[in-house]
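Here the protein sequences come in this chain order: A and B.
No gaps in the numbering here: position 146 of the first sequence is 146 in this note's numbering, and each next residue is one more.
No gaps in the numbering here: position 338 of the second sequence is 338 in this note's numbering, and each next residue is one more.
These aren't lab readings, by the way, just hints derived from the structure by calculation.
There may be inaccurate statements among the hints.
To be clear about the criterion: a stretch of chain A counts as covered by chain B if any three or more of its residues have a C-beta under 8 angstroms from a C-beta of chain B, and this derived list gives those stretches [to be verified]:
| hint | segment |
| --- | --- |
| 1 | 36-46 |
| 2 | 60-70 |
| 3 | 73-79 |
| 4 | 82-93 |
| 5 | 122-135 |
List time: in silico DSS-like cross-link candidates among lysine-lysine, alpha-carbon distance up to 27 angstroms [to be verified]:
| hint | chain 1 | residue 1 | chain 2 | residue 2 |
| --- | --- | --- | --- | --- |
| 6 | B | Lys130 | B | Lys258 |
| 7 | B | Lys258 | A | Lys78 |
| 8 | B | Lys470 | A | Lys80 |
| 9 | B | Lys258 | A | Lys150 |
| 10 | A | Lys78 | B | Lys464 |
| 11 | A | Lys109 | A | Lys80 |
| 12 | A | Lys78 | A | Lys109 |
Bear in mind the structure is a predicted one, so any value in this text is a computation, not a measurement.
Just so it is clear, CB atoms sit at the ideal spot from N, CA and C, and this is done for glycine as well.
Spelled out, the chains give:
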Amino acid sequence: MILDGRKPPLPSADKRWRLVDAAMRRNGYRPQGLIETLHAVQEAFGYVDDAALRFVSQSLQVPPSQVLGVTTFYHQFKMKPQGRHTCVICTGTACYIKGNDRALEHVQKTYGVSVGGTTPDKELSLVAARCVGACGLAPVVILDGVVVGKLVDEAVQARIREWLKT
Amino acid sequence: MTNEELLAVMEQERQAKGQLKYCVQVCSSTGCASSNSEAVAAALQQQVKEANLQETVQVKLVGCMGLCALGPLVEIERVQIQPGAPPDVLLYQSVTPADAPDIVAGLASGQPVRRLRLEMDDPFFTRQTKVVLAQAGRIDPERIEDYIAEGGYQALFKALAEMTPAEVIEEVSKSGLRGRGGGGYPTGLKWNTVAKVQSDQKYLICNADEGDPGAFMDRSILESDPHLVIEGMIIGAYAVGANKGYVYVRAEYPLAVKRMRQAIRQAERAGFLGQNICGADFSFNVEIRLGAGAFVCGEETALMASIEGRRGAPRPRPPYPAASGLWGKPTLINNVETFANVPGIILNGGDAYARVGTEKSKGTKIFALTGKVNHTGLIEVPMGVTLREVIYEIGGGIPDGRRFKAVQTGGPSGGCIPEQFLDTPVDYESLSALGSIMGSGGMIVIDDSSSMIDVAKYFMEFSKEESCGKCVPCRVGTAQMYDLLCKFSAGEATEFDLRLLEDLCDLVRNTSLCGLGQTAPNPVISTLKYFRDEYLAKIKKPEEVFGVAARANGRAPGQVEQTA
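Can you make the complete structure from the sequences, with help from the hints?
Structure (structure tokens):
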């Protein structure tokens with residue numbers, strides 16, 4: 001690890017690294033910008049891998065252990081590539097009371113994917129959200145960023161089936 | 001911007017509005033946006049253009065109108081010629097883009113579209129008292145001019161020009177405002193403590209890490225009226241002498257983040273943020289910090305650790321943030337709704353504010369009313385209203401002819417309140433006395449189809465997952481309690497498990513480091529208190545227990561050993 005104040009080179013010619021670097025520059029390469037930087041990495045690459053951890057650690061002069069600690073502490077950061085589709089099932093109280101626990105179980109069983117995991121064919125990632133704050137529409141599932149509300153059991157299962165065909 | 005310029009913008013906006021006959025307002029908050037409200041707005045705009053009504057009809061996107069379950073909502077406001085006349089509004093529910101031609105035709109003919117119309121005399125509308133949410137759903141949250149037209153930033157001018165910081169604090173103290181994040185600590189007292197500390201650098205934090213599942217008040221305020229929060233923050237910074245502010249907002253709320261960013265930029269351009277605000281000797285800047293999905297970051301010391309770029313682990317208090325907060329400097333930290341109450345207090349005076357509410361809980365409170373209730377959505381009611389009024393009148397009762405069983409307030413830190421206490425007034429003290437808390441404002445109605453053990457288990461799983469792991473009672477205790485609740489849920493528990501569960505509730509509550517652990521047993525304690533029967537029904541009788549043990553040995557009790 002470099003501690004002499006020199007900034008490390010970008011890990012590769014991939015242009016997305018510049019976005020990450022820009023995020024760090026905005027915070028003056030100060031350690032306090034760590035979480036913002038990890039957000040930038042995740043936004044650019046979809047997940048945070050070892051190369052990114054090392055690069056961020058050296059650029060911000062934060063020990064790798066702390067970068068890893070922060071990355072694993074917060075639910076938002078993913079350390080594995082996500083599938084082609086992402087299904088977010090809200091497990092907030094309102095959605096739970098209205099039966100989203102069954103939707104979660106259904107997706108896990110039907111598609112053979114665990115919460116936070118991705119199917120082996122990299123088609124579908126399943127995320128259980130804490131609460132997306134759209135409780136008025138409970139129960140809520142988010143299919144590739146599109147919020148789908150008020151569908152229970154059969155209806156939501158059919159919707160997910162249709163969505164995966166596209 | 002000077003006061004004169006502010007008034008000029010206000011006048012200009014009023015005149016522009018005076019040219020109009022109708023304002024068509026389409027909700028664009030997360031709830032309605034998910035039901036395609038932007039397409040509705042576009043279709044309406046298109047129809048207005050085709051009917052050649054652009055001169056007299058304005059279509060605009062606004063914030064949350066409250067009744068999220070019936071979205072997308074469209075409000076038609078007939079612009080009043082006489083100032084001060086009562087507003088003449090119509091509300092349409094569940095509008096689709098296909099409804100746009102009828103709605104616009106209705107504007108031309110003056111005949112409302114009956115099939116979409118929502119009765120405004122419903123208790124959902126008439127029983128609410130909108131103070132903080134007064135402009136939510138009426139102004140365009142992406143335009144600072146809309147906020148100014150409704151009297152925005154006048155409280156800031158009043159504070160800066162006519163009041164000393166001590167007088168601002170005095171006014172807030174007089175109002176009796178208490179922290180809306182759930183704790184209920186008197187805001188004036190907190191401000192006073194921070195103001196008294198001598199330091200060249202003080203910070204101010206707006207806590208918008210609304211982690212309680214089933215709560216979306218802060219999201220709605222940020223999405224619907226972001227400048228109100230910013231104005232409250234600036235006044236707060238002036239009162240305590242802070243020069244740098246942070247809004248810590250959940251990354252799960254992309255629209256709120258976007259609107260807040262935009263609002264901060266607008267406020268900077270108008271000179272409400274930055275150096276020498278409004279010509280006064282006072283400088284203040286605000287930055288947004290994104291959360292990253294950790295419930296514990298709603299706890300103030302954990303939140304500050306997160307702003308510093310570290311893991312969101314809380315630390316023991318004292319020292320309180322007022323003495324040593326962000327980077328060891330004195331820090332004022334308040335919830336979104338608390339700040340949103342401030343401009344009104346400064347403008348109308350603390351005494352006027354204190355006239356609403358109960359003796360110890362003043363003002364209004366916003367609740368996210370969800371679960372098994374007809375009108376799910378966002379409501380604002382005076383403190384002291386009863387739970388029955390909220391659920392049966394404003395909420396419209398329980399759907400599908402089912403029976404009310406309990407109402408859960410305060411999220412994972414709160415408790416479940418059964419039917420016999422429905423006439424309890426909603427204020428900080430009454431809810432605590434029942435073993436629940438006011439919390440940030442989530443109110444989830446549970447009907448008789450849910451098992452209370454499963455509800456307790458649900459919350460315990462949440463607390464177990466979200467425990468940061470720093471202190472043992474919370475990390476291990478919540479996991480143990482969760483395992484015990486699973487046993488109850490599966491009907492495998494014994495009398496001993498019940499005793500163990502009660503002991504653990506006591507231990508985790510009294511020995512955890514921060515609020516998360518200290519309040520995590522609340523859902524269990526309250527369900528044990530009010531729904532003990534359900535737990536007892538799941539306990540195995542001794543003979544059943546021995547039966548299980550015997551079966552494990554390959555033999556049921558009383559069964560004669562069979563010879564193969």
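Results of checking the hints against the structure:
no., hint, verdict
1, 36-46, "holds (count 3)"
2, 60-70, "holds (count 4)"
3, 73-79, "holds (count 5)"
4, 82-93, "holds (count 3)"
5, 122-135, "holds (count 7)"
6, B:Lys130 to B:Lys258, "holds (25 angstroms)"
7, B:Lys258 to A:Lys78, "holds (23 angstroms)"
8, B:Lys470 to A:Lys80, "holds (26 angstroms)"
9, B:Lys258 to A:Lys150, "holds (26 angstroms)"
10, A:Lys78 to B:Lys464, "holds (20 angstroms)"
11, A:Lys109 to A:Lys80, "holds (21 angstroms)"
12, A:Lys78 to A:Lys109, "holds (22 angstroms)"
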